[in-house]
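*Asks:* Chain by chain, the residues:
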Amino acid sequence: DAGITQSPRHKVTETGTPVTLRCHQTENHRYMYWYRQDPGHGLRLIHYSYGVKDTDKGEVSDGYSVSRSKTEDFLLTLESATSSQTSVYFCAISEAPQGPRTEAFFGQGTRLTVV
Amino acid sequence: QQQVKQSPQSLIVQKGGISIINCAYENTAFDYFPWYQQFPGKGPALLIAIRPDVSEKKEGRFTISFNKSAKQFSLHIMDSQPGDSATYFCAASMQTGANNLFFGTGTRLTVIP
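Protein chains in written order, with our numbering: chain R, 1 to 115; chain B, 1 to 113.
Incorrect hints may have been included.
[Claimed, not checked] Straight-line alpha carbon distances no greater than 30 Å define the calculated DSSO-like cross-link-like pairs of lysine-lysine that follow:
id : chain 1 : residue 1 : chain 2 : residue 2
1  : R       : 57        : B       : 15
2  : R       : 11        : B       : 58
3  : B       : 58        : R       : 57
4  : B       : 71        : R       : 70
5  : B       : 57        : B       : 68
[Claimed, not checked] Derived coverage of chain B by chain R (criterion: at least 3 residues anywhere in the stretch with Cβ under 8 Å from a Cβ of chain R; other residues may be distant):
id : stretch
6  : 37-48
7  : 62-68
The hints are simulated quantities; they were obtained by calculation from the structure and are not laboratory data.
Yeah, the Cβ is synthetic: ideal placement off N, Cα and C, and Gly gets one too.
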């Protein structure tokens, strides 16, 4: 999986608790992305990073924050988890903006359940 | 609002048959159309992609057909094999920001031996 490690792989948490998901890469790629995957919606971009401390919002960013203090790590935080954030979360990386000459590689996902 | 509409939601094909998955979009600014393949418990992986300046791209048993005027594109899997059983996502992006991908809702393909 292109040197991408997501942790934890599975997590069950209670509504209202903070949760942090970690994405670690060993490829030294500049771009990192967080997606969520839900039935009937496919994958939707939450946030992305284009360098250390450089992040921007995606399609479904409400309720999520991110941080990138090192090239290799991209953290996704749910400040106060809600049941609507139950999902499978995927991290992806790419050398440059994903497109015709730059493939995005995905991690194996983190299944988060908010009860 | 789903930027890329994908159908069917699920598909069952006999081994050796042709699998066809269709996608449609509205935003004419999209200029890159990849297809991703996802096996259970794994992340999506790029399968094949096309730019709108060509009408067809073929890689092995996989072909993308692209109709720019109709704003539609499709994936054809020839001689479908049980190992092709997976979920397939079409996507689209435009050259802005991080060229963020907008995904279709996915098609679960099952190839029966």
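*Asks:* Work down the list of hints and note, for each, if the structure agrees.
*Replies:* Consistency of the hints with the structure:
The straight-line distance between the Cα atoms of residue 57(R) and residue 15(B) is roughly 43 Å, outside the 30 Å bound, and the hint therefore fails. Taking the CA atoms of residue 11(R) and residue 58(B), the gap is about 40 Å. The hint is violated against a cut of 30 Å. At most 30 Å may separate the alpha-carbon atoms for a hinted pair to count; residue 58(B) and residue 57(R) exceed this at roughly 35 Å. The suggested pairing of residue 71(B) with residue 70(R) is violated, with an alpha-carbon distance near 40 Å, which exceeds 30 Å.
Pair hint residue 57(B) plus residue 68(B) holds up; C-alpha atoms about 14 Å apart against a cutoff of 30 Å. For the stretch 37-48 of chain B, the assignment as covered by chain R holds, since 6 residues bring a beta-carbon within under 8 Å of that chain's beta-carbons and 3 suffice. Counting residues of the stretch 62-68 of chain B whose beta-carbon sits less than 8 Å from any beta-carbon of chain R gives 0, not enough to reach three: the coverage restraint is violated.
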